[in-house]
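Asker: Build the full structure now, drawing on both the sequences and the hints.
Residue numbers are given in this note's numbering: position 28 of the sequence shown equals residue 28, and the series is strictly consecutive.
One or more of the hints may lead you astray.
To be verified - Quick list of simulated restraints, FRET-style, between CB atoms: (1) 56 to 20: 49 to 55 Å; (2) 41 to 96: 30 to 36 Å; (3) 27 to 81: 23 to 29 Å; (4) 52 to 82: 26 to 32 Å; (5) 93 to 41: 47 to 53 Å; (6) 65 to 86: 20 to 26 Å; (7) 95 to 37: 54 to 60 Å.
If you are wondering where the hints come from, they were derived from the structure by calculation, not from laboratory data.
Bear in mind that the values here come from a model prediction, so they are computed numbers and not experimental data.
We put the beta carbon where it would ideally sit given N, CA and C, even for glycine.
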Amino acid sequence: MALKQSLAWLLPLLLLGMAIVAVPLLMFDPKGLPRYQSLSTELQRIRHFNVQLKTDVQHLNLEVQALKTDREAVEKIARDELGMVHDGELVFQFESDH
1 MALKQSLAWL LPLLLLGMAI VAVPLLMFDP KGLPRYQSLS TELQRIRHFN
51 VQLKTDVQHL NLEVQALKTD REAVEKIARD ELGMVHDGEL VFQFESDH
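Answerer: Quick look at the structure:
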């Protein structure tokens, strides 16, 4: 009976001792707290990037809608990006210093 009482008292003490040793080892292990902090930082960076991408997608959707419905938007793209002009218009080109 005395042995059972000794084991009943010793087992929780041993488990507590193992926890006191194991928890810091696991926290400072390369796969522990430093890894968690690194992943947390990366998660924040990716979330910020996703917000930027969502904003870009919204702007592109607006541009697509304008190109589908607004003749002036199509003309602006044709002039600015493709260098197109209407018949009878004069085009002046100036040399750049760059």
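Asker: Note whether the CB distance of residue 52 and residue 82 lies within 26 to 32 Å or breaks it.
Answerer: Because 28 Å falls inside the window, the suggested range holds.
Asker: Is 47 to 53 Å right for how far apart the beta carbons of residue 93 and residue 41 are?
Answerer: Given a distance of about 50 Å, which is inside 47 to 53 Å, the answer is holds.
Asker: When you take the CB atoms of residue 65 and residue 86, is the distance between them in 20 to 26 Å?
Answerer: 25 Å Cβ-Cβ, so the 20 to 26 Å window holds.
Asker: So does residue 56 sit 49 to 55 Å from residue 20, Cβ to Cβ?
Answerer: 51 Å, holds
Asker: A range of 54 to 60 Å was offered for this pair. Does it hold for the Cβ distance of residue 95 and residue 37?
Answerer: 55 Å, holds
Asker: Looking only at beta-carbon atoms, does the pair residue 41, residue 96 fall within the given range of 30 to 36 Å?
Answerer: 44 Å, violated
Asker: May I ask you to test the hint 23 to 29 Å on the CB atoms belonging to residue 27 and residue 81?
Answerer: 56 Å Cβ-Cβ, so the 23 to 29 Å window is violated.
Hint compliance for this structure: hints 2, 3 are not met, and every other hint is.
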